[in-house]
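Engineer: Each chain, letter by letter, is given below.
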Amino acid sequence: MTATHSLAAEDLTLAYGERTVIEGLDLLVPPGRITAVVGANACGKSTLLRSMSRLLAPRSGRVLLDGKAVHRLPAKELARTLGLLPQSPIAPEGITVADLVGRGRHPHQRVFSRWSKEDDAAVAAALDATETTPLADRAVDELSGGQRQRVWIAMALAQQTDLLLLDEPTTFLDVAHQIEVLDLLTDLNRTRGTTIVMVLHDLNLAARYADHLVALSGGQIHAAGTPEDVLTEECVRAVFGLDSQVIVDPTSGKPLMLPMGRHHTAPRADVLQGTSGS
Amino acid sequence: MTSVLATPAPDAAVVRRPGPVRFLWLLVVVGLLVALMALSVAVGSRGVGWSDIVAALGGSTENIGQAAVTKRIPRTVLAVVVGAALGLSGAVMQGVTRNPLADPGVLGINMGASLAVVAGIAWFGLFSATSIVWTAIVGAAVAAVFVYAVGSLGRGGATPLKLALAGAATSAALTSFITAVALPRGDIVENVVSWEIGGVGGATFAGIGTVAPFLLVGLVISLLSARSLNSLALGDELAAGLGERVALARGVAALGSVLLCGAATAVAGPIGFVGLVVPHLCRLLVGVDHRWLLPFSAIAGACLLTGADVLGRIVARPTELDVGILTAIIGAPFFIAIVRRQKVREL
Numbered sequence: 001m002t003a004t005h006s007l008a009a010e011d012l013t014l015a016y017g018e019r020t021v022i023e024g025l026d027l028l029v030p031p032g033r034i035t036a037v038v039g040a041n042a043c044g045k046s047t048l049l050r051s052m053s054r055l056l057a058p059r060s061g062r063v064l065l066d067g068k069a070v071h072r073l074p075a076k077e078l079a080r081t082l083g084l085l086p087q088s089p090i091a092p093e094g095i096t097v098a099d100l101v102g103r104g105r106h107p108h109q110r111v112f113s114r115w116s117k118e119d120d121a122a123v124a125a126a127l128d129a130t131e132t133t134p135l136a137d138r139a140v141d142e143l144s145g146g147q148r149q150r151v152w153i154a155m156a157l158a159q160q161t162d163l164l165l166l167d168e169p170t171t172f173l174d175v176a177h178q179i180e181v182l183d184l185l186t187d188l189n190r191t192r193g194t195t196i197v198m199v200l201h202d203l204n205l206a207a208r209y210a211d212h213l214v215a216l217s218g219g220q221i222h223a224a225g226t227p228e229d230v231l232t233e234e235c236v237r238a239v240f241g242l243d244s245q246v247i248v249d250p251t252s253g254k255p256l257m258l259p260m261g262r263h264h265t266a267p268r269a270d271v272l273q274g275t276s277g278s
Numbered sequence: 279m280t281s282v283l284a285t286p287a288p289d290a291a292v293v294r295r296p297g298p299v300r301f302l303w304l305l306v307v308v309g310l311l312v313a314l315m316a317l318s319v320a321v322g323s324r325g326v327g328w329s330d331i332v333a334a335l336g337g338s339t340e341n342i343g344q345a346a347v348t349k350r351i352p353r354t355v356l357a358v359v360v361g362a363a364l365g366l367s368g369a370v371m372q373g374v375t376r377n378p379l380a381d382p383g384v385l386g387i388n389m390g391a392s393l394a395v396v397a398g399i400a401w402f403g404l405f406s407a408t409s410i411v412w413t414a415i416v417g418a419a420v421a422a423v424f425v426y427a428v429g430s431l432g433r434g435g436a437t438p439l440k441l442a443l444a445g446a447a448t449s450a451a452l453t454s455f456i457t458a459v460a461l462p463r464g465d466i467v468e469n470v471v472s473w474e475i476g477g478v479g480g481a482t483f484a485g486i487g488t489v490a491p492f493l494l495v496g497l498v499i500s501l502l503s504a505r506s507l508n509s510l511a512l513g514d515e516l517a518a519g520l521g522e523r524v525a526l527a528r529g530v531a532a533l534g535s536v537l538l539c540g541a542a543t544a545v546a547g548p549i550g551f552v553g554l555v556v557p558h559l560c561r562l563l564v565g566v567d568h569r570w571l572l573p574f575s576a577i578a579g580a581c582l583l584t585g586a587d588v589l590g591r592i593v594a595r596p597t598e599l600d601v602g603i604l605t606a607i608i609g610a611p612f613f614i615a616i617v618r619r620q621k622v623r624e625l
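Quick mapping for you: the protein sequence lines, in order, are chains F and G.
First residue of the first sequence: 1, per the working numbering; consecutive thereafter.
First residue of the second sequence: 279, per the working numbering; consecutive thereafter.
Isolated chain G, as found in the complex (with noise of 0.2 Å):
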C-alpha cells in the first residue's frame, strides 16, 4: 500500500468523470429543444407559409394563418415549462424515494392534485387562477404523503413495487372520485374531462404567469437539492454519516417536486410518464450525478413534452391528439420495461 499521506497528486483532474462528454449532451439536448420549439410553432392542424409564421411571430394577426401561429407561440411556451417541471420533478422523486419507479404520475400526486382542483370547483366556486394553482399543490402534496406511507407499510419499507402499487391504486380511486365529483355537474364535466387527459392546447400566456412563480420557487428548490440527493442515494446510514440531515433534506426536496408536478397539473391537467422515462434516458447519457442530472432532466421533459405536443398535431390531422394521451403511448412500454428488467431494486 502506498502511503495515505500522499501528497495531492499533479495529474488529480484525470480521476474526474470527463465533463466534455456531458457538455456535449447538453449542447445535443438544448439543440434539439430549440428544434422542436420551431417546430412546434411552425407546424399544426392548419398549414401556414413561412411569411406568415415569421409576421406571426412578429406580433401580427391580419389573416388566420398568422393568427393560428399567434396562439401556437404561448402553448409551445407551456409545453416546454410544463415539460421541464415534469423531468425535473420525476428525477427529484426518484432520488428523494430512491426508486427507479417514481413520477408523478405513477405515483398518483397528479391525480391528487386534479381530484383538489375538481372538487374546489364542483363544491367550493373556485375560479381564480392562483388558488386554483394553491389547491392543486395542497392536493399534490396530501397524495404524496398518502401514497408514500401507504407503500412504506409493511416489511422493507417503501420498496419500488409497493410504492408504484399504491401509487396505481390511488390513482385509480382519485379518478373515480373525479368522475364521482363531476358527473353530476353538468355545467362543468366538459371542462373537467378534458383538462384530466391532459393537454397544452388552450395555453395563454396569462395562465402561464400564474403558475411561473410557484414553478420557479420548485425549480430553484429541486436544483439546490441536487447535492443532497447525490448523499441520499448512497443510502440513509451513509448520508448520515456525509452530515446530512437526513429527514430535512428528503423534505426540502420533495417540497420542490411536488411544487413542479402540483404547479404543472394545475395549468395542463395531469400528464403522466414524462417524469418516469426522462431521468432515466438522461442516466444513461449522463450519468447518476444529480448536479447534471436534474437540469438535464428540466431540458429532456421539455423536448418531449413539445415533440410529443407536435406530435399530436400531425397524426391526428384535422382533429388534435391531447399531449396527455401521447406520454401515456409513449411511456407506457417503457413502464413496462423497467418493471420487467432484472434487478428492480432501488435506486
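Next comes chain F alone, as it looks inside the complex (with noise of 0.2 Å):
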C-alpha cells in the first residue's frame, strides 16, 4: 500500500466571473478509499474536481493536499501525487498508444533529462494494468471508444499518483465498458491503494462502486457518506427532484435507485401482486 494523502477542501467557493458555482463548500476525501460524486447537471461537479486539481483557482477557501494548499504547490511536485482526467480528453491526431501513455510521465521528467528505465516501466504497467499492451503501436484514432478510455486511465496511471481523479470516466461508453472502467479503477484502488474521486452521472453504478458518496446541490453539498447514508429516497428529492424508489441491489448489497416518472410507474399486478409502490 502506498502512503495514504489527504485532500480536503476548506469553505471553498468557485465562480467563473460573475457566477457562482460553489459555495462555501467543506470535504474531506477519504484517504485510500473511492469517493463519487454526483449531483444534477450544471450543479458544479466538475467545477468542484478541476479546482481540486487546481485547474481553477477558488474564489475565496482552500483545496489542501497533506495541509498544503495546492493552488501554492509547485506544479509538477503537485502532478507526481495527483492525477487527473478530463471529461472527454483529446489526442493528437495519429498519436500512438505508447506515446500517449509515455506523455503521463511528464511530471517525473526534467528539461534535460532523458527517457529513463523507470519510465519505461512505468509505461509497461499501466499499458498491462488496462490490457491495452496488444494495442501500444496503433494509433489512437482507430480505437472503439472502450479501448480509447482504458489507453487514457493507462495514462493517468503512468503518472504514478497516488491520487487519481476523474472526470466522468464512462461518459460515451456502453454498459459493458462502463463495468469495465470502474472494475479497472477498483482493482486499482484495492491493489495500490490509490484514493479515487469521480464524478459519476449514474447513481446506481456511483453507490455500487464507490465506498464514499457525495450529492451536491446547488453549490453545496447536500449529503455526503456511506452509499446507504446518502442515496435515499429523500435525497434524491431533494438533488434531483425527482420521486423515485430505493431499494438494495440484490447483486451488489449497495442501495438501488428506481426512478419514478409519470409514466409506467404502476407495477403489473401479474408480475408483484398487491405490492403496488405509489
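No lab work stands behind these hints, which were simulated from the structure alone.
Where a beta carbon is used, it is the ideal one built from N, C-alpha and C, also for glycine.
Some hints could be false.
[What the hints assert, rightly or not] Stretches of chain G that chain F covers, calculated by requiring three or more beta carbons in the stretch to come under 8 Å of a beta carbon on chain F:
{"hint": "1", "stretch": "505-516"}
{"hint": "2", "stretch": "519-531"}
{"hint": "3", "stretch": "565-572"}
[Stated by the list, open to error] Anything over 10 Å on all C-beta distances counts as not near chain F; from chain G, calculated:
{"hint": "4", "residue": "Phe301"}
{"hint": "5", "residue": "Leu310"}
{"hint": "6", "residue": "Leu317"}
{"hint": "7", "residue": "Ala320"}
{"hint": "8", "residue": "Ser329"}
{"hint": "9", "residue": "Gly337"}
{"hint": "10", "residue": "Ala397"}
{"hint": "11", "residue": "Gly403"}
{"hint": "12", "residue": "Leu404"}
{"hint": "13", "residue": "Trp412"}
{"hint": "14", "residue": "Leu431"}
{"hint": "15", "residue": "Thr453"}
{"hint": "16", "residue": "Val467"}
{"hint": "17", "residue": "Ile475"}
{"hint": "18", "residue": "Gly480"}
{"hint": "19", "residue": "Phe483"}
Put the complex together from the two separate chains, hints included.
Structural biologist: What follows is the structure in C-alpha cells.
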C-alpha cells in the first residue's frame, strides 16, 4: 500500500466571472478509498474536480493536499501526487497508444533528462494493467470508445499518482465498457491503495462502486457518507427533484435507485401481486 | 484485469515506438540536405565547371565563374538557415496554437515583421542591421499577439479556420500598409518591393552573422519546448494535470517561434508556407512527438528552401525566380488541401 494522502476542501467558493458555482463547501476525501461525486447537471461537480486539481483558482477558501494549499504547490510536484483525467480529453491526430501513455510521465521528467528505465517500466505496467499492451503501436484515432478510455486511464496510471481524479470516466461508453472501467479503477484502488475521486452520472453505479458518496446540490454538499446513508429517496428528491424508490441491489447489497416518472410506474399486477409502490 | 502492482515487464522496451525508423528518416533528410547544398553551390544562372567550383570553395576568385560560385556560398548558407528557422518556427506555432494551419506566413506574422522594418526604414531612418532585426522581431511579436487575440474572439476560441482567417485578413491589411508606407518614398520603394517578395539572393556572411544570435536563441528555446508542446497537445486541462504551467509554456514556446520567424524575415523577407508545409510532411515521417518533430522540421525546412532556391535559378534562366514566389507556388495548393480535408480540427 502506498502512503495515503489527505485531500480536502475548506470553505471553498468557486466562480466563473460573476457566476458563483460552489459556495462555502467543505469536503474531506477519505484516503485510500473511492469517492464518487453525484448531482444534477450544472451543479458544479466538474467545477469542484477542476479546482481540486488546481485548474481553477478558488474565489475564496482553499483546497488542501496533505495540509498544503494545492494552488501554492509547484506544478510538477503536485502532478506527481495527484492526477486528473478530464471528461473528454483530446488525442493529437495520429499519436500511438505507447506515445500517449508515455506522456503521462511528464511530471517525472526534467528538461534535460532522458527517457529512463523507470519511465519504460511505468508505461509497461500501465499498459498491462489496462490490458492495452497489444494496442501499443496502434494509433489512438483508430480505437473504439472503450479501448480509448482504457488508454487514457493507462496514461493517468503511468503518471503514478497516489490520488486520481476522474471527470465522468464512463461517458459515451456502453454498459459493458462502463463496468470494465469501474472494475479497473476498483482494481487500482484495492491493489495500489490509490485514492480515487470521480464524478459519475449514474447514481446506481456510483452507489455500487464508491465507498464514499458525495451528493452536490446548488453549490453545496447535500449529503456525504456511505452509499447507504446518502442514496435515499429524500436525497434523490432534494438533489434531482425526482421521485424514486430505493431498494437493496440484489447483486451488490448496495442501494439501488428506481426513478419514478409520470408513466410506467404502476407495477403489473401479474408480476408483483398487490405490492404497488405508489 | 491483471494486477496493477505488476513489476516492470522485462520486455518494457518493446512497447516504445520503433526508433530505428525515425533514425533512418533522419539520415535520409540530412543526406538530402547535403546534396541540395552541393547543388546550390554548383548550379546557377551561369554554368560553371567543376574545377572552378572546387577552386572557389577553396577561396579563389580568379575568374567570373569562380566569383559566381563564391557568391553562391553565403546564399546557400542563408537558405539553409532561413529554411530551418521557418520550418521549426511553423512546427512550434502549430504546437502552441494546436492549429494545423498555423504558419508564420499564414498568420500574418512575417508581414508584421515586414511592416515594422519598412516603417522603421521609411520613417525612422533605420539603418544598422541589428536594429532591423530587433524591429522585425518586435513587429512579428505584435502581429502574433494581435492575430491570436482576433482569432480567439467569439465562441469556441481560436479555432483553426478563425485563426487562419484572422491571419489572412491581417496579412492583407499589413501588405497594404507596407505599400502605403513605401510608395511615397521613391528612394526606398525598389528595395522594399524586392525584399518584400522574399529571397536569399543578396546574402552576405555579414548579414547572416547579424541574425545568427537571434536565430540561435530562438532555436534553443524552441527545441527545449518540445516536451511542453507534447503536453500542450493533450489539451490545456490535461497538460495542467501533468504539471505543465500552461500559460508559461505556451508563452516561452511562442517567443522562440517569433524570434525565429522575425529574424528570418529581417534577413530574407517574408517567405511564406515553409512553416506550414514542412511540419505536416515531417509528422507523416516521424509522428507527433515534438522531440523528433522539431529538429526534423528544421532540417526539412532547410531542404525545402535550399531546393526551392536552386529551382528558382534553373526555371527562369538567365534570370532568377525569388524563393518566396516558389514556396508560395508549392505551399498554396498544400494549404488548400489541409483546409479541404474532412476534419479540420485542432491538433
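Engineer: Just checking, glycine 480 of chain G versus chain F, shortest CB gap more than 10 Å?
Structural biologist: At about 38 Å from chain F, glycine 480 of chain G clears the 10 Å cut-off, so the statement holds.
Engineer: Just checking, leucine 431 of chain G versus chain F, shortest CB gap more than 10 Å?
Structural biologist: The claim stands: leucine 431 of chain G keeps its Cβ more than 10 Å from every Cβ of chain F (closest is about 17 Å).
Engineer: Confirm or reject: tryptophan 412 of chain G is not an interface residue toward chain F, with every Cβ-Cβ distance exceeding 10 Å.
Structural biologist: holds, 27 Å
Engineer: If you count the residues of the stretch 505-516 of chain G with a beta-carbon closer than 8 Å to a beta-carbon of chain F, do you get 3 or more?
Structural biologist: Coverage by chain F holds for the stretch 505-516 of chain G (8 residues, Cβ < 8 Å).
Engineer: Would you assess whether threonine 453 of chain G, listed as outside the interface, keeps its beta-carbon beyond 10 Å of every beta-carbon in chain F?
Structural biologist: holds, 32 Å
Engineer: Okay, the stretch 565-572 of chain G and chain F, do three or more residues pass the C-beta test at under 8 Å?
Structural biologist: As far as the stretch 565-572 of chain G goes, the hint holds, because 3 residues have Cβ atoms under 8 Å from chain F.
Engineer: Closer than 8 Å, Cβ to Cβ, for at least three residues: run that test on the stretch 519-531 of chain G against chain F and report holds or violated.
Structural biologist: holds (count 5)
Engineer: Could you let me know if the closest chain F CB is still more than 10 Å away from the CB of alanine 397 of chain G?
Structural biologist: holds, 38 Å
Engineer: Are all C-beta atoms of chain F more than 10 Å from that of phenylalanine 301 of chain G?
Structural biologist: The claim stands: phenylalanine 301 of chain G keeps its Cβ more than 10 Å from every Cβ of chain F (closest is about 15 Å).
Engineer: Is the nearest Cβ of chain F still more than 10 Å from the Cβ of valine 467 of chain G?
Structural biologist: holds, 45 Å
Engineer: Please check whether the beta-carbon of serine 329 of chain G is more than 10 Å away from every beta-carbon in chain F.
Structural biologist: The assertion about serine 329 of chain G holds, with a minimum of 48 Å to chain F.
Engineer: If we take the beta carbon of phenylalanine 483 of chain G, is the closest beta carbon in chain F still more than 10 Å away?
Structural biologist: Holds, since 32 Å exceeds 10 Å.
Of the numbered hints listed earlier, not one is contradicted by the structure.
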